[in-house]
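Trainee: Chain by chain, the residues:
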Amino acid sequence: MSKKKTIRTIPQQRTPAHEQAPAERVRNFSEVSHAYTDAEAQLESQRCLQCADPVCIAGCPVAIDIPRFIEKISDKDYRGAYDVITRTNLLPAVCGRVCPQENQCEGVCTVADTLEPVAIGRLERFVGDRAIAEGWKNLPYIEPNGFRVGIVGSGPAGVACAADMAKAGCDVTVFEAFHQPGGVLRYGIPDFRLPNEVVDAEIENLKRLGVKFECNTIVGRLFTIEQMIDELGFHAVFIGTGAGYPTMLGIPGDSLNNVLSANELLTRCNLMRAKEFPNFDTPVPLGERVAVVGAGNTAMDAMRVCLRLGAAKVHCIYRRSRAEAPARAEEIQHAEEEGIEFHWLTNPIEILDDGKGNVRGMRCIRMELGAPDESGRRRPVPVPGSEFEFETDQVVFAIGTNANPIIGQTSKLKLNKKGYIETDENLATSMAGVFAGGDIVTGAATVIEAMGAGRTAARHMRTYLGIRDPSLSYDGDKDIQFGINPRERNFVRLRVK
Amino acid sequence: MSDSDQPNQIPKRTGADTIALLRNETERESRFEIVAREDYSDVTFMLEVRHPLMARAARPGQFVVVMSHEHGERVPLTIADFDQEKGTVTLVIQAVGKTTREMRETCRVGTALYALAGPAGHPSPIGQAKKVVCVGGGLGVAPIFPQARAFKQNGAYVIAVLGFRTETLVFWEKKFRSVCDELILCTDDGSTGIKGLVTDGIKLAIEKHPDIDEVVAIGPPVMMRASAEATRPHGIKTMVSLNPIMVDGTGMCGGCRVKVGDQVKFACVDGPDFDGHKVDFADLMTRLRRFSEEEKAAVERWSETCRMKGLGQS
Chain A
1 MSKKKTIRTI PQQRTPAHEQ APAERVRNFS EVSHAYTDAE AQLESQRCLQ CADPVCIAGC
61 PVAIDIPRFI EKISDKDYRG AYDVITRTNL LPAVCGRVCP QENQCEGVCT VADTLEPVAI
121 GRLERFVGDR AIAEGWKNLP YIEPNGFRVG IVGSGPAGVA CAADMAKAGC DVTVFEAFHQ
181 PGGVLRYGIP DFRLPNEVVD AEIENLKRLG VKFECNTIVG RLFTIEQMID ELGFHAVFIG
241 TGAGYPTMLG IPGDSLNNVL SANELLTRCN LMRAKEFPNF DTPVPLGERV AVVGAGNTAM
301 DAMRVCLRLG AAKVHCIYRR SRAEAPARAE EIQHAEEEGI EFHWLTNPIE ILDDGKGNVR
361 GMRCIRMELG APDESGRRRP VPVPGSEFEF ETDQVVFAIG TNANPIIGQT SKLKLNKKGY
421 IETDENLATS MAGVFAGGDI VTGAATVIEA MGAGRTAARH MRTYLGIRDP SLSYDGDKDI
481 QFGINPRERN FVRLRVK
Chain B
1 MSDSDQPNQI PKRTGADTIA LLRNETERES RFEIVAREDY SDVTFMLEVR HPLMARAARP
61 GQFVVVMSHE HGERVPLTIA DFDQEKGTVT LVIQAVGKTT REMRETCRVG TALYALAGPA
121 GHPSPIGQAK KVVCVGGGLG VAPIFPQARA FKQNGAYVIA VLGFRTETLV FWEKKFRSVC
181 DELILCTDDG STGIKGLVTD GIKLAIEKHP DIDEVVAIGP PVMMRASAEA TRPHGIKTMV
241 SLNPIMVDGT GMCGGCRVKV GDQVKFACVD GPDFDGHKVD FADLMTRLRR FSEEEKAAVE
301 RWSETCRMKG LGQS
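Heads up: the protein sequence lines correspond to chains A and B, in order. Taken in order, the first sequence gives residues 1 to 497; the numbers are from my numbering. Taken in order, the second sequence gives residues 1 to 314; the numbers are from my numbering.
Hints may be right or wrong, so weigh each one.
Result set (SDA-like, lysine to any residue): computed pairs, CA atoms no more than 20 Å apart in a straight line [as the list claims (entries may be wrong)]:
(1) A:K417 <-> B:K265
(2) B:K296 <-> A:G357
(3) A:K5 <-> A:E116
(4) A:K356 <-> B:M285
(5) B:K259 <-> B:A282
(6) A:K212 <-> A:E143
(7) B:K203 <-> B:R232
(8) B:K130 <-> B:S178
(9) B:K296 <-> A:N358
(10) B:K208 <-> B:L183
(11) B:K265 <-> A:Y420
(12) B:K278 <-> A:G250
(13) A:K412 <-> A:A432
(14) B:K296 <-> A:N279
(15) B:K259 <-> B:R289
(16) B:K259 <-> A:M248
(17) B:K208 <-> B:H234
(18) B:K265 <-> A:K5
(19) A:K275 <-> B:H69
(20) A:K167 <-> A:R208
(21) A:K167 <-> A:E204
(22) A:K212 <-> B:Y114
(23) B:K195 <-> B:H234
(24) B:K296 <-> A:P278
(25) B:K296 <-> A:K167
(26) B:K259 <-> A:A201
(27) A:K275 <-> B:E293
It should be emphasised that the hints constitute simulated quantities derived from the structure, not laboratory data. For clarity, every value in this text was computed on a predicted model and none was experimentally measured.
When you get a sec, could you build the whole thing from the sequences and use the hints?
Mentor: The structure is reproduced here in structure tokens:
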């Protein structure tokens, strides 16, 4: 019987992860944070108290059994840890790197009451990377059930939904507009945070589950959602097309040649490999003094990409203060270490032309925090008379996005006022058999939330299709879905036109 | 903009056919295969690409995004024709920069494109116009063809105004005559048709027909702007098809932003057709020069590679 762990007996310090030194990493696209070694993972796993009532599980949007997988790491049963994680999360190598753990599992960790929280994210990544390196696959035999499911969008929401439906025995096809799958995991998050090789490996796992990927397919244009149900033989559809349509700055000079959205910069760099120009044909603008407007994760990614592309100096312009910045804590910290200069409480009001259609500077105004707005954050208000000019030769903006409009333009799905797809609590849309989740429903959010939505939708899609999970017991009226009690003798799946 | 008011000329396939299309292994192997090619001059060439689903879905005015190989860039090209029977879409390309010059060398019959996505953009609104002038300048001649045909099928009287530099560069004249009621050919040097630019052709058409409902103009921005200015005094609705630089072509980067009136639109998902009297052409033309340095350098590098290869061949 081992001695029970207490807050005093566990290793007191959070095991640090080796990182590339800032001066070195600003010139390459290799990962900033290195994975734990076996010894480091062992040490950190000791810090988990194996709480009787683990609050970390509730903190996780997909409810991974965190204490269990950490225990497996302690036992050096890394395969076992992978099995535990993949019961609920299919992409541990991705989530370990990009989840904002400080707002999720680690944010509620009991150890954090006294010490620093257990590094749950790093431990998850450790397991995910080991699985890729060892080629572990969790591929049970799955009996096909004959249902065809179409997934629109191969980003985190679509891919999570696809995996769950494939595991339930459906014939799943994921459609992707780009020439490579992954969505924001590939085009949005840069290699130094999430290498494209990791995305490739996780997609490969899904292909082994039987999921088919059809790239170069713009759903809505090549064929519509209605056609998927009426003509192409899909029994259910999930839409995960995201919210990538960038919000423009809307100030004079915002269409000058060296002004671009962070999405354009990142797509050129990550998806089209412009960082390897001219080996790859797509170019990307390279300024010397770049100004990035915004302080979310996209803005952080854009800033750090510009540094690595060779900018001499990168500035962050944000209208609120550091405390309100929405980016993941580690990203802001890494950005500061890399020498990015932050101008908090500053807003651009005009971008200045050098006479030839290029950017020569930006006029900004200082802001101060006033009363809170609908999001609960204090609204920034301009300080009169505080305008100043700021020299820059490239402006990148990451100030928010809107729903991708293509599905809304080409189908009769009900949208809300802002153009996002309207869904009920089951993530069902106004069209029978069509479900939606992720940014196209909620607006811009995180990878893990999109994955959670994909999995929630999959659960309701299974109910809709009448696929019963033999391990779940149905009881009482609370299992009535779409007006049908599953216990009724002639339980039939109704398709409502 | 609703797409539901398009004339439904294409017969509906049964579900079984289309599922077969999606599942057919042979289709997948011959994905994006080039089945025909014709060179209209030493810079302009036509590719017919196999894509049965796109041939069925394509409507006039839409475009595709093409990558000719894995290291390539994403290039938007207007769909110049589509044939549901043959299952092909037709692209007409002008070899201007590195990618299109490379395609001129590598895109032979039997080869395949690496990526082909579409049909993108809103279909051109054909509407109820009774008399239409379809104007195509240079490369714009190809994409205006499906629109001319659609107007004709919708019962309109169609006048085509096509501009070429000289007679030897003229293509698709017979194709146009088969769908138009009148054809005004314009050449810079007067070697055939009238001597002048397409704006001279437009003026001729307006003089002859006081009841023109709509003008559609496709070509270089300078030509589209001039066409819009030619019709502005007469108050004739003029639609243009904008061609800004694009990266994704699906509405998520904003690189193709254009100013139309006091609004900012994305040509890839809000267009590519816009009201020519409201488009800020100066802005479009400035933004088309965003990468002129890189483009020049890329062409020089490409020419150098070709020269070196030329030296190496016997």
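Trainee: So, for every hint listed, does it hold in this structure?
Mentor: Outcome of the hint check:
no.	hint	in the structure
1	A:K417 <-> B:K265	19 Å, holds
2	B:K296 <-> A:G357	18 Å, holds
3	A:K5 <-> A:E116	16 Å, holds
4	A:K356 <-> B:M285	12 Å, holds
5	B:K259 <-> B:A282	10 Å, holds
6	A:K212 <-> A:E143	17 Å, holds
7	B:K203 <-> B:R232	12 Å, holds
8	B:K130 <-> B:S178	18 Å, holds
9	B:K296 <-> A:N358	18 Å, holds
10	B:K208 <-> B:L183	13 Å, holds
11	B:K265 <-> A:Y420	18 Å, holds
12	B:K278 <-> A:G250	18 Å, holds
13	A:K412 <-> A:A432	12 Å, holds
14	B:K296 <-> A:N279	16 Å, holds
15	B:K259 <-> B:R289	16 Å, holds
16	B:K259 <-> A:M248	12 Å, holds
17	B:K208 <-> B:H234	13 Å, holds
18	B:K265 <-> A:K5	60 Å, violated
19	A:K275 <-> B:H69	17 Å, holds
20	A:K167 <-> A:R208	11 Å, holds
21	A:K167 <-> A:E204	15 Å, holds
22	A:K212 <-> B:Y114	18 Å, holds
23	B:K195 <-> B:H234	23 Å, violated
24	B:K296 <-> A:P278	13 Å, holds
25	B:K296 <-> A:K167	51 Å, violated
26	B:K259 <-> A:A201	42 Å, violated
27	A:K275 <-> B:E293	17 Å, holds
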